[in-house]
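Two chains, two separate frames, one set of hints: put the complex together.
Residue numbers (our numbering), protein chains in the order written: chain E, 1 to 87; chain R, 1001 to 1383.
Check before you lean on any hint, since a few could be wrong.
[What the hints assert, rightly or not] Some chain E residues flagged as far from chain R (calculated, every beta-carbon gap over 10 Å):
| id | residue |
| --- | --- |
| 1 | Arg55 |
| 2 | Arg72 |
| 3 | Glu76 |
[Unchecked claim] In silico lysine to aspartate or glutamate, DMTMM-like type, Cα no more than 20 Å apart, as pairs:
| id | chain 1 | residue 1 | chain 2 | residue 2 |
| --- | --- | --- | --- | --- |
| 4 | E | Lys20 | E | Glu47 |
| 5 | R | Lys1110 | R | Glu1085 |
| 6 | E | Lys20 | R | Glu1049 |
| 7 | E | Lys20 | R | Asp1328 |
| 8 | R | Lys1374 | R | Asp1325 |
| 9 | R | Lys1110 | R | Asp1088 |
| 10 | R | Lys1374 | R | Glu1318 |
| 11 | E | Lys20 | E | Glu37 |
| 12 | E | Lys20 | R | Asp1088 |
| 13 | E | Lys81 | E | Glu3 |
| 14 | E | Lys20 | E | Glu52 |
| 15 | E | Lys20 | R | Glu1062 |
Derived by calculation from the structure, the hints in this document are not laboratory data.
Cβ atoms here follow ideal geometry from the backbone N, Cα and C, with glycine treated the same way.
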Amino acid sequence: MNELVLLTFPSIFYALRAEKVVQGAGLRGRLIPVPRELSSLCGLALELDPAEAGRALYLLQATGIVPERKVRAVKEGPCLKNISDIL
Amino acid sequence: MIYLNNAATSWPKPETVYQAHDAYLRHLSGSVNRGAGGASLDAGRAVLETRELLAGFFNIREPEQVIFTPNATEALNLALQGLLEPGDHVVISSLEHNAVARPLHALQEKGVEYTIVNCDSRGRLNPGDVERAIGPRTRLICLTHASNVTGTILPVNEVGEIARRHHLQYLVDTAQTAGEIPVDVEAAGITLLAFTGHKGLLGPPGTGGLYIRYPDAIRPLIYGGTGSRSEHLTQPEVLPDKYESGTVNAPAIAALGAGVRFIRETGLNNIRRHTMELTARLLEGLRRLPGVTLYGPPDSGERVPVVSLNIRGLSPGEASAWLADHYDIVTRPGLHCAPLAHQTIGTLQTGTLRLSPGFFNTAAEIEAALAAIKELTEVIQGE
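Next up, chain R with everything else stripped away, as it sits in the complex (with noise of 0.2 Å):
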């Protein structure tokens, strides 16, 4: 198989990923805040772990703000949900997935309004566009940092200057880039970060989590149980329980501490490195085939290794079921969840055939990836 859905969901795993999450569903029975015994507080030391290697990852300096969730759409969902209130104002990018798209289009019931600051064919933002889009009632900035579609960075430094300027909260999402490209909480101004686990930062699914800078503007998504303060009826203030009632996934988070530390030792640059060169290969490729529509910038250092295309006469789920069917290659057809990108770049009628390398895939992938949609094309054109 040649796994190209790493924008999805990163596959394989390094191997001590797969061991860390063996070894503490095996032997970590405990429940984290939940008993004093051994397991429990070994879990709950490798959830704290996990939190501090995430800290210093994103350059946050109190892990206590960094609060696990399941996934980056309950993230996105818990600032969203926990800041704005009637009368807020919004401002988002064209290139946002519908975790933050519906949960805006559901609060506007509620009097929240939002601008959607249109990108160029190419998904790209100028962040002059998001100064204008600020009103008087402007609570919040929300950007992802790269699109899941046409794989453009966004100039998240330079909207965050803008964010500090009018004293806004700043939420960027980094679905799509934590472990492909550096993500500084400080260089830009960020004071809320939703990131997923199980993509580039090459953890299990479950995993994801919210950076809150001021707790005091968040209400919390979940109440319930947190191991502390038991006798009270009021969530607790103090963090990270303020926002993490429930049993966490221990498990899954130490196996995602295992991922954030296999980033650290290989470097992000070495990372950055391989998947840009794979991006590269695959987009010269793909320019060199007649029929084939390619999206997003054309230099792939503006893009994370996401590569959406259509090829004539073919709808991307044909094209996709080709690919599999002949060739055992893994790609993702359809809206990827982000119809306002696919309005962005004209294809929300089509959908796109998307492909996105990892850092476990190798060129000669990418060359036989090439290589079949080369069969297809001539397949198409013969017809």
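Excised from the complex, chain E in its bound form (with noise of 0.2 Å):
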């Protein structure tokens, strides 16, 4: 099974950021246009690893990053399935 945790932010701008902070940290972190399941809005997801995904957030977190959604998923080819928010 494919999961992922996926984070949307607010602009492109927290994006970026939210990319630089977590492979600063040496965690895996990728950014790939916002899926259509989880937001109308153009702009752009940090896909991370579900395993490093506590420490990504207690880092952006700590640096002021506030992502808007928090979500784990289930990837089948091109889609996302399974979409439940972190809370």
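Here's what the structure looks like:
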């Protein structure tokens, strides 16, 4: 099963900053277009490894970068399934 | 060529600036915030990098409060037109550039008023005069950090303390100081800081920006596509998108980042020491020449590397042309877009000849310029 965590942000500026913070800490983080299932907005989402998501979120919080949405999902081909918000 | 027009635009640029501009223009075809492909993301990362570098450089806590504009003039217009409303009053110095004076003159039609606080004939400003000009409707103090005519450095920290005490917005124009002397928004209590990228910061033309501490108080100057919240017709409130509609000049901003990195690696103190030495040498040599009138403070420590002068019997335009034709020396004659400053020093009718050394000039070039001006004065006296 291809599980992932996705974060969306108020603007691309924050998405780029989040990527820099996460990668700067040696964690995996990849910017992708915001999937339609998450938002109608254009923009970028940060894809994280679920195993590293807790640490990544802690780092972002410490840097003052607040994601708009945090979700878990399963990737099936190009589609996202079983999307659930992380509280 | 001896280039002594760095106050207009710095030249040459550090090699890394040329390289960054070429590399980004050649390889980063993407447009920032417009797509999630590799090149778009890299362009976005480059702009983010420069934004963060500038925030660090000016001691700005939140990098998203650094807004890119094509130049300092647009940054100043964004601040003035975005902030001021009918009935507001502004205090400015008598050294302000037309980038401030013209927008304020135009805003008078909308009911904005302003008071010009006079500097002395060397361009020195008494902070007490600024405080005395504050009235019940004053909303903003706007001050150039240093004059582009006399080179005089204005007391931005002292005036910042006055702005803080009176709860006023404080706009500082650093066109002549960013990359020359330290600029610290926290120390000076600056709430709006305009900078240009192509002078002391050693970047390319077409780059500049505005630091906005209180974005709720500033309306955008330009509305349009930001690559975010595109389904809404209202302009996003989130920074920097609120003020950055349209495609940003990513290759030039990346190159500006290389300029700021160069300054950081070289050390602002080392840059300042070198340009101060060149300015002191220039002032000392010019003082010895009969028929030369110098403007601005006598001590190079009180000024940025900007030297204005007049030669008796010759217009600044004629002098500049002669230096270019006979010695390939680049200077700038005229009013330098700052009639208020010329009024202050008594040269509104004539203008001045301006020589502005930069970090890449050498003492030998200053000596060569002095020898050329000496010859010019002798030619004039012989006539």
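The hints, checked one at a time:
| no. | hint | result |
| --- | --- | --- |
| 1 | Arg55 | holds (22 Å) |
| 2 | Arg72 | holds (21 Å) |
| 3 | Glu76 | holds (20 Å) |
| 4 | E:Lys20 to E:Glu47 | holds (13 Å) |
| 5 | R:Lys1110 to R:Glu1085 | holds (8 Å) |
| 6 | E:Lys20 to R:Glu1049 | holds (10 Å) |
| 7 | E:Lys20 to R:Asp1328 | violated (47 Å) |
| 8 | R:Lys1374 to R:Asp1325 | holds (15 Å) |
| 9 | R:Lys1110 to R:Asp1088 | holds (10 Å) |
| 10 | R:Lys1374 to R:Glu1318 | holds (15 Å) |
| 11 | E:Lys20 to E:Glu37 | violated (25 Å) |
| 12 | E:Lys20 to R:Asp1088 | violated (42 Å) |
| 13 | E:Lys81 to E:Glu3 | holds (10 Å) |
| 14 | E:Lys20 to E:Glu52 | holds (15 Å) |
| 15 | E:Lys20 to R:Glu1062 | holds (15 Å) |
Of the numbered hints listed earlier, those contradicted by the structure are 7, 11, 12.
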